[in-house]
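Listed below are the residues making up each chain.
Protein chains: 4
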Amino acid sequence: MPSVTSLEGSSVPVKKSILDLFTDVRSRTVNICSGLQTEDYVVQPVSDVSPPKWHLAHTTWFFETFILKEALDGYREFDTDFGFLFNSYYETVGERVIRSNRGNITRPGVDRIMAYRAHVDENMAKLMDIDSFSDEMRMRTELGLNHEMQHQELLYTDIKYILGHNPLFPPLHESVNVDQVELAKEKGTVKIPEGIYKIGFDGDGFHFDNERNPHRVFLESFEIDKLPVTAGEYLEFMESGGYGDFRFWHADAWDWVNANGVDSPLYFHKVDGKWKRYTLAGLKDVKLDEALVHVSYYEAAAFANWKGRRLPTEFEWEVASDQIRWGFCWEWTNSAYLPYPGFKTADGALGEYNGKFMVNQMVLRGASPATYSNHSRHTYRNFFHPHLQWQFSGFRLANNI
Amino acid sequence: MPSVTSLEGSSVPVKKSILDLFTDVRSRTVNICSGLQTEDYVVQPVSDVSPPKWHLAHTTWFFETFILKEALDGYREFDTDFGFLFNSYYETVGERVIRSNRGNITRPGVDRIMAYRAHVDENMAKLMDIDSFSDEMRMRTELGLNHEMQHQELLYTDIKYILGHNPLFPPLHESVNVDQVELAKEKGTVKIPEGIYKIGFDGDGFHFDNERNPHRVFLESFEIDKLPVTAGEYLEFMESGGYGDFRFWHADAWDWVNANGVDSPLYFHKVDGKWKRYTLAGLKDVKLDEALVHVSYYEAAAFANWKGRRLPTEFEWEVASDQIRWGFCWEWTNSAYLPYPGFKTADGALGEYNGKFMVNQMVLRGASPATYSNHSRHTYRNFFHPHLQWQFSGFRLANNI
Amino acid sequence: MPSVTSLEGSSVPVKKSILDLFTDVRSRTVNICSGLQTEDYVVQPVSDVSPPKWHLAHTTWFFETFILKEALDGYREFDTDFGFLFNSYYETVGERVIRSNRGNITRPGVDRIMAYRAHVDENMAKLMDIDSFSDEMRMRTELGLNHEMQHQELLYTDIKYILGHNPLFPPLHESVNVDQVELAKEKGTVKIPEGIYKIGFDGDGFHFDNERNPHRVFLESFEIDKLPVTAGEYLEFMESGGYGDFRFWHADAWDWVNANGVDSPLYFHKVDGKWKRYTLAGLKDVKLDEALVHVSYYEAAAFANWKGRRLPTEFEWEVASDQIRWGFCWEWTNSAYLPYPGFKTADGALGEYNGKFMVNQMVLRGASPATYSNHSRHTYRNFFHPHLQWQFSGFRLANNI
Amino acid sequence: MPSVTSLEGSSVPVKKSILDLFTDVRSRTVNICSGLQTEDYVVQPVSDVSPPKWHLAHTTWFFETFILKEALDGYREFDTDFGFLFNSYYETVGERVIRSNRGNITRPGVDRIMAYRAHVDENMAKLMDIDSFSDEMRMRTELGLNHEMQHQELLYTDIKYILGHNPLFPPLHESVNVDQVELAKEKGTVKIPEGIYKIGFDGDGFHFDNERNPHRVFLESFEIDKLPVTAGEYLEFMESGGYGDFRFWHADAWDWVNANGVDSPLYFHKVDGKWKRYTLAGLKDVKLDEALVHVSYYEAAAFANWKGRRLPTEFEWEVASDQIRWGFCWEWTNSAYLPYPGFKTADGALGEYNGKFMVNQMVLRGASPATYSNHSRHTYRNFFHPHLQWQFSGFRLANNI
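Residue numbers (our numbering), protein chains in the order written: chain W, 1 to 401; chain A, 1 to 401; chain L, 1 to 401; chain S, 1 to 401.
It cannot be assumed that every hint is accurate.
No copy is singled out in the list; a pair is fine if it fits within one copy or between any two copies.
[What the hints assert, rightly or not] Straight-line C-alpha distance at most 20 Å; calculated SDA-like pairs for lysine to any residue:
no.: 1; residue 1: Lys185; residue 2: Gly232
no.: 2; residue 1: Lys198; residue 2: Glu220
no.: 3; residue 1: Lys276; residue 2: Phe169
no.: 4; residue 1: Lys191; residue 2: His215
no.: 5; residue 1: Lys198; residue 2: Ser221
no.: 6; residue 1: Lys344; residue 2: Asp204
no.: 7; residue 1: Lys274; residue 2: Asp289
no.: 8; residue 1: Lys198; residue 2: Arg216
no.: 9; residue 1: Lys198; residue 2: Phe218
no.: 10; residue 1: Lys226; residue 2: Asp81
no.: 11; residue 1: Lys226; residue 2: Leu288
no.: 12; residue 1: Lys69; residue 2: Glu220
no.: 13; residue 1: Lys344; residue 2: Glu70
no.: 14; residue 1: Lys307; residue 2: Lys344
no.: 15; residue 1: Lys198; residue 2: His215
no.: 16; residue 1: Lys344; residue 2: Ile401
no.: 17; residue 1: Lys69; residue 2: Asp135
no.: 18; residue 1: Lys185; residue 2: Phe246
no.: 19; residue 1: Lys344; residue 2: Trp306
no.: 20; residue 1: Lys126; residue 2: Glu136
no.: 21; residue 1: Lys276; residue 2: Glu174
no.: 22; residue 1: Lys284; residue 2: Gly273
no.: 23; residue 1: Lys307; residue 2: Leu338
Treat the hints as calculated values from the structure; they're not laboratory data.
Please construct the entire structure, taking both the sequences and the accompanying hints into account.
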């Protein structure tokens, strides 16, 4: 689990050899699931949440399909049905199981999927060991590992959704603490002067296609908080009637609040007059100083309106990122997820990775305690539809000066 | 598994002592599940299909709630949450888990539910052994066992739905043969003259409230087939374009056919130009002489129209039941499920058993090979909504004379 | 408008010549609409409610399609598009406008439809006047007129739905009184002994196919109220919490109550603590002695359960019909709409008339003040889905003795 | 109707006196409806399309509510129910009729709404004539007129939707030509160098709040077409299988295409193998040189991908607007609708105008032939959800250089 401190201290951890990284990432995925019972791996309560066993298999399928089948001589496919079952959005590769049906597919079971992982891991180790391991395959392996890091975060949030919607509120494990982060006390803001700034990834290491091209933007001067909003600050909004006052909400947001009866962040429950929230360690009191998470963009924007401030754009966030603290939660920005100038998708199935999602979603910046340590950058662009609450999503405020 | 022969030879098997019956029924429930993997116990692909683990727990909850908690001194409830989780439609007893959410509740797991069954079985054995085991509790025990027999049939059909909608078509077990019944060759019809006939249960043994009161009906003369319709006969309907010709269908049925793109019984698949069907033993060729199952009332009625004949009423069926063969499948009748004259519900939660379903459903008569041997009577009234296909439901034809 | 008295005094009014009847029925249809504004003719607020202009055209289309085009030499079709637009459920005749889209079809307008009516009326008069007017065409004309009588009742109820869901509650006309019937004071019940009774139409005059064949049924002895339930009696059920107590409701009914938040008959509104109801003459106080209307079968059955009594079957109702008063409202019975023994549909499109609706619906007997005087018989079988409230539907109670 | 030439020649028409402008705008609204029959004013086929009579009343309600009731001494409200009926999204002002129910409200009828317009127009004329007509009220009047100009465009598109979905394809009027614009022949592109550019409204005249604050953006160099895409160019995309190839579509777009079976722009119909399209003057052949309209953002983006180019951002469009031709159609840009730096909403109900829509929508720039002549500016920001086709929406292409 990445500590918040390490995220702040260094966004570029020591480079591991590719096999070390492979071993570390692959075992962390399984470790995340260590508190699960077999039954927990199967279900898909809503279409955005995938069954844990699907994540385990899908991340493995990536390595088999894009690397082993192409590059390892004599590789024997583990099971020819798996391409169909564990493909996700890769329309190029073949027919896929419709996303909202994933949760009814009880076979193959968890044991068989673990065997699939072992089979692929073993063959990947073999491939990485041979002299002819090409740069292209190394690059794909790195992409596959970063893909798996993303699914690790989804594993946490999907497991939380499954257990957190069980009327018994079972914990994943008492010691999991990715969603109980207290903020440092050092409040305050940072002022950034107007000017032309460089945005996007411009180095050599791994990055996603959506971080490119590096380009210039002009920013008016602004002020941004050093820390994201706390649960305590958000409780004030709730208690002042914020969910019942249309003036703070976007029109689509107001429809969403009313159609779904939303009156708090996800996982909040009022028990005997006191707010509690479900965490992966079980039901806990809401602490005033902890980072607010599990709010939608709609809620973030409504809170900002209520405060008379606003969310930063993703460009403001990136420019200020050296001077603020981050790593407590993913932070909604006021930027829609759109391509940077000169954005280009790769050819073929790997080209489906990011571009096809560049509509109807908002950008989140930062990282959460559930994020793999290697998987955060100042230029990293996360994105979700604006009504979604189930990620470790909070926000910080900004304003013009 | 009941043999078809025994159902024909005798509808009143040798009476077992209540404890023997209890032991037999309870162990059969677990045996039905013996081919399942843990993952299969959890899911609920559509609202009519319940997760197998829910059936295991719900049938157990019946004994705990209505018998042990009332009659066994010092009984310790296994888990106070279970009343909420495993109640079904018993509104009297307390808040229940909404039916369509059952499939997302991964905890308690299968092991814990098996422990629940053991705990209740042990205490029931204790209770049945003591002298003060009352007639009222004996009667409730018998009701609970008949309730469990009904859930055994649902277990078969729900397991079939879960495995039969998996793209891999896994069998429950190669040796299960409840849904592959070949019919005897002796075709022919029975003629029944007009007259007043006695209908309903009029004896001493166990029966459901919906079989009473016994009463008289006047029937015009009619003719009824000795055997239900075969898969081969139904294939002729399909191949003659029956699913595409509105003239054979009820208006609601025609909407159902078109909204769902129905063009065959459930579990039929055309593979390389040949009809196959999923059975609990895997994907098999359709055999011409086997009993047709997994059709809705809508399909049964359309077939009858196509043939220029009709379905029998439940009264005609009951009057003819001594002279026809049955036990191959549940048979849709042309009777809506309505109360008999003088029908009375019991007081309290047990009174919810049958009366509240007496609208919008059609009566099925007979029994299937999946029916517990003790659980079929000439007066037995099964019922389902007319669009449902997932039961072992077929039909036979009749006509006026 | 039929007076309640005339309905009681004589169910067989003086036979009119077919042309007189034609003229009378056709002009009554237009008269019913006399309080409408052009805008009111167009909309379809829910799929069961058709736009008034559609009723005007569809009833006319019947005469053009089944009579004029077949029997009148040289008949010029008014508009070849109308067959497509104003066909209803007659699948045989050709593609039809999907029912739930009818309300968006603003052209042809009301004036053009009135011209269509005039064109068809003129040609029908010509046809009925010639010597070769055949018995078959006379029979079809009579069917067309009875079809139009049914649509007259639907015109009343659909107009009421349209105006009654307008926030301004505009009356159709202050003097319309089809839905404000006070009941006679003579309460009491009728006792009918057990026995074999004759059911169904067995005479020479007009009747629908669903009233045949005449046949015998055996009835146990029963007791039935002389009058239907009043609004005042139903208010007691409401005030005692009837809508909130699941014990009185069928399972499907309870789902309906909760999904739709039903807490009163349709058109009831609590204004300043007092129950009012929308009538075609505007918003009025609920009167205790008036016939209850606009309840669903679900509500009728729940009320009966609350009273510890039951609804009569349609057979009981028919047998008792000479000794009870009726004509106040359509009365839900506890009979599902199913074919009588020997029921046969006509060939071709006219054969679609009734049989295709014989599933999922409950029978109503009687007649309402909106029913055409010629259009009620002791054997008449009306039918609707059990959740529908928008007809002039009430009920009376019965019990075993 | 604005001519395309005038739009190009001058985006700032001669300033009219406020009363002249009021008279001109108000009468144009009624003129747009001159081809309608009463029935056409009533319906709402989908929730985005409002009944024409609602537009007539709602635009009038604006002047009554925000001007007459506040500023005209002794003003008598026309009808106290209208505030409730014709409010749109102004949550501050009171309960409103849910948008998707508007089409079932047949009263008040068209005549009464025309009387409402006359009443308000007369009183507005009185108010504008008096010496105390304040600057605040003059500003609100101008806002009300610009609001009405927007609804004029919606009147065109909503009328088109209503008539264009009638199976008879009735024209509004043979002479209406707002949706049949042939493009000039002068193809070609404009190149814009990188640099800091000024964006947004920075003058004195009328503008919407969303056009402010004026601010600077940095643009990389780019190239943009002088003309939007023609119907002929789009036909090539269609005929090359563009609607069937997922590679060109956003993920949300691909879901939209498949869920709705989209295979052409709205109003396109293949008749006898040839593409026709419904226009407000009736069904016409598709002409290769006419401006493509009625495509969604999804379709615009897919076409651009197919061409290997992209849509311009709204900033690129604005910077290039002096050197390109426009006024043929509204043009989708690749910018999400978001606030400019320093954007501020007004207080109270008028503040609801634009800010609340700043999520989930894409910006369109330009103007269509249906746009009021006074109502187009280089800085004007139109916006709609990306799946909507019913506006006069096309697009032009750009690329990096």
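Check your understanding: How would you label the pair Lys198, Glu220 (within, between, both, or neither) given a Cα cut-off of 20 Å?
Key -> For Lys198 and Glu220, the Cα distance is within 20 Å both inside one copy (14 Å) and across copies (12 Å).
Exercise for review: Can you give me the call for Lys185 and Gly232, within, between, both or neither, at a CA distance of at most 20 Å?
Suggested key: within (13 Å within a copy, 63 Å between copies)
Practice item. Please work out whether the CA atoms of Lys284 and Gly273 approach to 20 Å or closer within one copy, between two copies, in both situations, or in neither? Key: within (14 Å within a copy, 44 Å between copies)
Exercise for review: State whether the alpha carbon distance between Lys226 and Leu288 is at most 20 Å within one copy, between copies, both, or neither.
Suggested key: For Lys226 and Leu288, the Cα distance is within 20 Å only inside one copy (17 Å; across copies 57 Å).
Check your understanding: Is it within, between, both, or neither for Lys307 and Lys344, if the alpha carbons may be no more than 20 Å apart?
Key -> Intra 39 Å, inter 14 Å, cutoff 20 Å: inter-copy only.
Check your understanding: Is it within, between, both, or neither for Lys226 and Asp81, if the alpha carbons may be no more than 20 Å apart?
Key -> neither (50 Å within a copy, 45 Å between copies)
**Study point:** Identical-chain pair category, Lys69 with Glu220, by Cα at 20 Å
**Key:** neither (51 Å within a copy, 41 Å between copies)
Practice item. With 20 Å as the alpha-carbon cut-off, assign the pair Lys198 and Arg216 to within, between, both or neither. Key: Result: close both inside a copy and across copies, 5 Å intra and 15 Å inter.
Check your understanding: Given identical chains, is Lys344 near Asp204, meaning Cα to Cα at most 20 Å, within a copy, between copies, both, or neither?
Key -> within (17 Å within a copy, 41 Å between copies)
**Study point:** Same-copy or cross-copy closeness of Lys126 to Glu136 [CA-CA at most 20 Å]
**Key:** Classified as within: same-chain Cα gap 16 Å, cross-chain 70 Å, threshold 20 Å.
**Study point:** Alpha-carbon proximity between Lys198 and Phe218, which holds within one copy, between copies, both or neither at 20 Å
**Key:** both (9 Å within a copy, 11 Å between copies)
Check your understanding: How do Lys344 and Trp306 come out at 20 Å by Cα distance, when the copy is not named: within, between, both, or neither?
Key -> The answer is between: 14 Å across copies meets 20 Å, while 39 Å in one copy does not.
Figure legend: structure checked against the earlier numbered hints; hints not met, in rising order: 10, 12, 13, 18.
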